[in-house]
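Peer 1: Each chain, written out:
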Amino acid sequence: MSVLLFGLAAAGGALATVVGVAGMLGAGGSLSLPGLVPLGGIALSLDPLGGLFLAMVGTTAIPASIYAIGYAGGERRGVLAYLAFVSAMGLVPLAANVMTFLIAWELMSLASYFLVLHDRDDPESVDAAWLYAVMSQAGLACLLAGMLLLTAATGSATFADWASAAPDLTPGARVLPLLLLGLGFASKAGVIPLHVWLPRAHPAAPSHVSALMSGVMVKLGIYGLVRASLDWLSPTPVWWGAAVLLAGAVSAVVGILYAVVERDLKRLLAFSSIENVGVILIGLGAGLVFRGVGLGGLAVLAIAAALYHAVNHAAFKSLLFLGAGAVVHATGTRNMNALGGLVTRMPWTAGCFVFGAAAIAALPPLNGFVSEWLIFQALLQNVQMARLELNLTFTFGLAALALTSGLTLACFVKAAGITFLAVPRSDAAARAHEAPVSMRAAMVLLAGACVFLGLGPTLVLPALARLAGPLVGAELPALGDGLTVRISGEFAALSPVALTVVLGAALLAPLVALRLLRASHRTRWYETWACGRMLQTARMEYTATAFSNPFKRVFDFFYRPEKRLDIEFHPDSRFFVERIEYANPTRPLFEEWLYEPALAALSRVAALTRRVQSGSANAYLAYILAALLLLLVLA
Amino acid sequence: MITDLALALIQALVVAAGAPLLVGVLRTLKARLVGRRGPRPWQPYADLAKLLRKEAVVSTTTSWVFRVTPYVLFATMLVAAVIVPVVASRTALPFAGIILLMYLFLVGSFFLALAGLDSGSAFGGMGASREVAVAALAEPTVILAVFALALRADTTNLGGIVARLSGEPSLAASPGHLLAFAAFFIVMLAETGRLPVDNPATHLELTMIHEAMVLEYSGRYLALVEWAGAMKLFVFLTLLANLFFPWGVPDLVAPVPIVLGLLALAGKLAVLTVGLAVLETIVAKLRLFRVPELLAGSFALALLSVTAVFLVP
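These protein sequences, in sequence, are chains A and B.
Read in order, the letters of the first sequence correspond to residues 1 to 635 in our numbering.
Read in order, the letters of the second sequence correspond to residues 1 to 313 in our numbering.
Some clues are possibly wrong.
Stated by the list, open to error - Partner residues are not named here, just some residues of chain A that face chain B (Cβ under 7 Å, in silico): (1) T395; (2) L403; (3) P424; (4) L516; (5) L517.
Said to hold, decoys possible - Derived Cβ-Cβ restraints for the label pairs, each shown as a range: (6) A/D481 with B/A17: 29 to 39 Å; (7) B/A17 with A/G489: 54 to 64 Å; (8) B/A254 with A/G489: 44 to 54 Å; (9) A/D481 with B/P255: 31 to 41 Å; (10) A/N335 with B/W247: 33 to 43 Å; (11) B/P94 with A/G448: 52 to 62 Å; (12) A/R466 with B/A254: 53 to 63 Å.
Please keep in mind that the hints were generated in silico from the structure rather than gathered at the bench.
Keep in mind that this is a model prediction, so the values were computed, not measured.
For every residue, glycine included, the Cβ atom is placed at its ideal position computed from N, Cα and C.
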C-alpha cells in the first residue's frame, strides 16, 4: 500500500516538473476557487519564477519517493504526511493570494512537523519537533503580519495587485512589511541567527524527508525572499540588498563552521544547508544591490547565479542526504566516529556520496563549481559601481565566499573520508550491507542531475536569466554561446564541457606516461605501516573529532570549546590509569547569547503578567469595573 | 586549433619535464647555503626513475580512492600547466580563468586528503586534516589577490592579465600590485607545502602536513604524487613570475618567440628559486597553530591591495 502511495508521489513529482518547466518557458495559467475558503478563496497561478520552484519540488520529489520505497516501503506511518508535505510544497510557489499562500505554507510546516516527529520514542526527536513547531509558528506570525500590513496598504489580498501597487507606496509603508516578510522567509530558509531549529529538525526526519526539507523546503524560504524583494515590494532600497548580502555571508561562514566540527553525519549536512542558503543569499543580495544602483544586466546575472546555486543545492544536498540515509539504514547510526570502511561494503552508496561531496565542494567541472564561479564573477563586477561602502561590502562577500568554499572542502573530505574510507570503527559498520535497488536508483538519478547541471550552464543559465530579467526589469546580458559561458565580454569565460574533455585527456596522460617510461606494474598488498606495530586496528584511525580539531583550535574564539579531562587513577598507583574521559564540546553561541536571554525576558514578562492573574473572581470583577470606568471617562 | 593544441602540448611538456629540475635546483641551492655539497640538481629525475621501477605496496585497508588519486592529481596539474601562461601570454584554452586554476588545485587537495584518510593510519588522517585546514584558510587570500589582479587587468583570464600588464608596465609597478604579490607569495608557500608552513624535507611525524598524507604511497604511485607536487611548485612559481613580472612573455605562438619566452621564464624562475632557497634557509618552520596568523597576515595584504584599487582608481 505505502509502496503505491510513494509511487503516486513520484508520479506527482514528474507532473509538477512538467508543469514547472512549462511555466519557466512562459506557459501561464491560473485557477480560482473563490467559494472554498473566505478572504478571496483559493487562487493559483503559474509564472516563470513559481515554475522554477515548482519544478525544483517535482524533480527532487521523484528520487526521494523512489528512495522511500526501499527506505520506508513497509511502514504505514508517515506516508500520508509525506504526501501532504510534497503537495503543500508544490502549492506554495503557485499560490496567488494571501489565503492560499498561508494555507499551503502552514500545511507544509505541519506535515513536516509530523515527519520530524517520526521517531516518537526518541526524546531528541521530540525536542527537535517542538522547537521546529515554535520557530515555524513564529515565522508564520511574521509572514501573516507582513502580509496583512501589505493587504491593508494596497487594499487587496491578491499578489498581482501588490506588485502593481508597490511602486506607489510610501517608503515608510514598505519598510515594515519588507522586514517582517524577510524575517519570516529567512527563518524558513535557516538564515543565521534564525537557524536553531534546522540542524535539529532536518536530521530527525526520515532521510528521504530530510532530503526534501534541506533540498527544497529551505528553498521555498528563498523563493519567498525573491518574490517579496523582486515582485511584491519591488523596487527595494539598496540597503536591503546589502543587508541580504551580509546576512548571506554570515550564514555561509557560520553554517560551514558548525558543519565542519559536527560528528553526526546528518546534522553536518543540515548545517551545510545553512551555509548554502548563505551562498544563495550572497548572490541574491548582490543582484538586489546591482538593481538598486541601476545596473540591470549585472542584477540579472547575479540573481540567475543565485537561482542556479539553489537548483544545484537541491540536487547535491538531496543526493548527500539520501546517501547518509543509506548509511543509517545499513548501520543504524549517524555518528561518524562509529562508521568507516563502508566503501567496500556499500560501493554504490560510497561512490554516489563521494560524487556528491565533490559537487558540493565545488570541484570543477561539477555543478557546484559552476554556480559558485558565477557568483564569484557577479561579485567581482562590483567595480562597475563607484560607491566605496558597497565595494567594501562586496569585497567582504567575496572573502566570506572564499573562506566558505575552503571550509566546505574540508567539511566534505571529512564527511566522505571518515564515513566511507579505511577500517570500520564499530561492529555495526563492519556488518553494513548495500542499500536496496530503489535507494541506489534514486541516488544515481540525482548524481545524473548533478552532471547535467554541471555540463549544461549554457542551457540552464539563459533560462534562469530569462526568468530573472522581467522581475528585475532589465534586458538580458549576453551570457555566452554554444558551450561557453561569458561574463561581461572578455572579463571571464567558462566551458565545463571543454574542461571535462581536457580533464579526461589529462587523465589518460599519466597512464600513457607510465607505459612509455616502462614503469613497473607489480603491486603488493600489505597492511598499512604503523611504525612497526603489528595488526592494524580501527583505533589507529583518525576520527571525525580529531579531523576537525585544527578548526576548533583556529576558530576557538567562535566555538569557545570547553575542555573536560577526567582521569581516574588506579587506587594503588598514580601511574596506572583506569579510565580517561575526554570531552571537548563547543558552546552554542546563538542559543546562549540570543535565545536564552530572549526566553528569559519572555518568562519575566510572563511572571509579571501572572501577578495580575490572581485567579480570584472578585479581582477579575474589579478589573472589569475599572476598565468600564476608564472607557467611560475616556469616551 | 592546431596552434592551441601545439601550445598545450608544449606547455604540458615544459612543466612536466622542468618541474623535477626546479625541485632539484632548489634542493642543491639550499644545501649549498647551509654549507653542504648536497645532491646534484638532476637527482629528482633519478629518484622518479627509481620509483617507477619499483613495485608498489598498497595497503589492504585502502579502496579505489587511494589508487585513483595519483592519476587525478597528475591530471589536474597537467590541466593547470595548460591553463597558466607559461611560454606565451595566449593560453591554449580560451576559458583559462584564474578562479578555475585555484579550484583545480582544490581537486588535487580533495583527492589527496581522501587518500590520506583511506590508508587508515593516524599519519594519513593527521596530514589530511592539516592539509585541508591550511587550504581552507589560504582560500580567502587567494581569491582576494585574484580579485586585485583582475580589477587592474579588467579580466580574470590569465592570458589576458599577462597581456594587459605587459602592455602597461606602470600597472605592475603600483604599490597595490606589490601588495598582491606579497599576499600571493605567502599563499604559494602554504599551497605548495614550503617553509615556514610545512617542511618538504622532513619525515618527523609531529610537523608534517603533506608528507604525512602521502606516507602510504610507494612505487609508481609515489612517483606520480611527487612529480605532481613538483609540477604544482613549477606552476605556482611560473604564475608569480608571469603575473607579477610580465616581461618577456611573447604574445604570438611561433618557434623563435617561444624559445625566447622560455629563456625569459628560466631567468625569472631562477631568481624566484634563489629567493625561495634563501627564505627557506633563514626561516624556521612555524608551529602549526601559528600558521593561521601568517595566512591572516597575507589576507590583510590582499585586502589592502583590493582596497587600494577602490581608493586610487
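Peer 1: Each hint: holds or not?
Peer 2: Now for the hints, and whether the structure bears them out:
1. T395: Holds. Min distance 6 Å.
2. L403: 5 Å, holds
3. P424: Since chain B brings no Cβ nearer than about 10 Å to A/P424, farther than 7 Å, the hint is violated.
4. L516: 11 Å, violated
5. L517: With a closest approach of 6 Å, the A/L517 hint holds.
6. A/D481 with B/A17: 29 to 39 Å: 36 Å, holds
7. B/A17 with A/G489: 54 to 64 Å: 36 Å, violated
8. B/A254 with A/G489: 44 to 54 Å: 28 Å, violated
9. A/D481 with B/P255: 31 to 41 Å: 33 Å, holds
10. A/N335 with B/W247: 33 to 43 Å: 57 Å, violated
11. B/P94 with A/G448: 52 to 62 Å: The hinted range 52 to 62 Å is violated for B/P94 and A/G448, with Cβ atoms some 28 Å apart.
12. A/R466 with B/A254: 53 to 63 Å: Check failed, 44 Å falls outside 53 to 63 Å.
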